[in-house]
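Chemist: Work out the full structure, taking the sequences as your base and the hints as a guide.
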Amino acid sequence: MENLTALVATQTEHLLEIAVSALIVIGAAFTFIGSLGLARLGDFYTRLHGPTKATTLGVGALLIASVIYFSTRGEGPSLHEVLVTVFLFITAPVSAHLLAKAALHLRVRSIAPPPLAVEGADAGQLRADVPRTNSAGRTESS
Amino acid sequence: MLSRLLPHPLLTLALALTWVLLVNSFTPGQALLGVLLGWAIPVFTRRFWPDRVRIARPWWLVFFLLKVLWDILVANVAVAALILGGQRFARPAFVPVPLELRSELAISILANTVSLTPGTVSAWLSPDRRTLIVHGLRVTSADALAQEIKTRYERPLRDIFEPPC
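Residue numbers (our numbering), protein chains in the order written: chain A, 1 to 142; chain B, 1 to 165.
Calculated directly from the structure, the hints in this document are not laboratory data. Backbone N, C-alpha and C fix where the C-beta goes; we use that ideal spot for every residue, glycine too. Keep in mind that the hints are not guaranteed to be accurate.
[Stated by the list, open to error] The following label-pair restraints were derived from C-beta to C-beta distances:
id, chain 1, residue 1, chain 2, residue 2, range
1, A, 5, B, 22, 34 to 44 Å
2, A, 94, B, 43, 18 to 28 Å
3, B, 140, A, 105, 25 to 35 Å
[To be verified] Stretch by stretch, here's where chain B covers chain A in the computed footprint (C-beta under 8 Å, at least three residues):
id, region
4, 2-10
5, 13-26
Modeler: What follows is the structure in structure tokens.
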């Protein structure tokens, strides 16, 4: 009976080790592919897509591996990795959005035709100190 | 009276949870300290939080998050294949998505969701907040992509934050 429980314990340990290893490899692979995208893709905007991937699935898999590893060492559950995920998921898209917005404003070279709406808004923002007029020439009340 | 003592119940809950996760131990003492911080910080920073966050259907938010996580998983594999397969399959395009959402929080969450799902990055929000311009890595049909974002993410967010009265 004691032999059996010992066997089950080693088997579970093996399984956990395999799971942790697999998650680390998956996470590292996706982080690598994200960086590869950052280096290989054509223009600024397509390159932005690389890091968003690295921070979602890549870091996500690594953090799940960390949760499993530290929670099964008999020191109680370890869940502060959840915070890393939450903070990353909040900050990464915001920085990507601001980078893209700044690039559009500076007319960074783009493979895709840039949206027309930005130019109009930029022109409007440049003259933010004077009242805006619409196409009919009347002053808008905003 | 209650709103002055407890201006942002959701923020209080989030801060308490953050504290417990930060110290990484679930003892009653730390939980109490977390609740205390969660109560004190919103009270003393009330000027920075003009509007109280209202989630009309919290459980739908949970389903929404699960759906987004699944989409992240699927889309990641697709974009990884795209990067490894070479750029000849990439068809980048800027796609305008007309917004029906009005609350600032809901628009922020939509923009973040779009950026988190690989293959699309929210690039620009028009000053009147009626159009979100999304940069897609592989766009075969701009209308289809805009429609997908609207039905898959914007409609659930409307149900969660701005239910029809």
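Chemist: With 18 to 28 Å as the target window, see if residue 94 of chain A and residue 43 of chain B comply at their CB atoms.
Modeler: 26 Å, holds
Chemist: Tell me if the beta carbons of residue 140 of chain B and residue 105 of chain A are separated by a distance inside 25 to 35 Å.
Modeler: Taking Cβ atoms as reference, residue 140 of chain B and residue 105 of chain A lie about 28 Å apart, which means the hint holds.
Chemist: Just to be sure I understand the hint, the distance between the Cβ atoms of residue 5 of chain A and residue 22 of chain B should be within 34 to 44 Å; is that true here?
Modeler: For residue 5 of chain A and residue 22 of chain B the Cβ distance comes to about 36 Å; the hint holds.
Chemist: Counting residues of the region 13-26 of chain A that have a beta-carbon nearer than 8 Å to any beta-carbon of chain B, does the count reach 3?
Modeler: Per the Cβ count (0), the hint is violated.
Chemist: Count residues of the region 2-10 of chain A with a Cβ under 8 Å from any Cβ of chain B, then say if the count reaches three.
Modeler: n = 0 at 8 Å, threshold three: violated.
When the structure is compared with the earlier hints, violations turn up for hints 4 and 5 and for no others.
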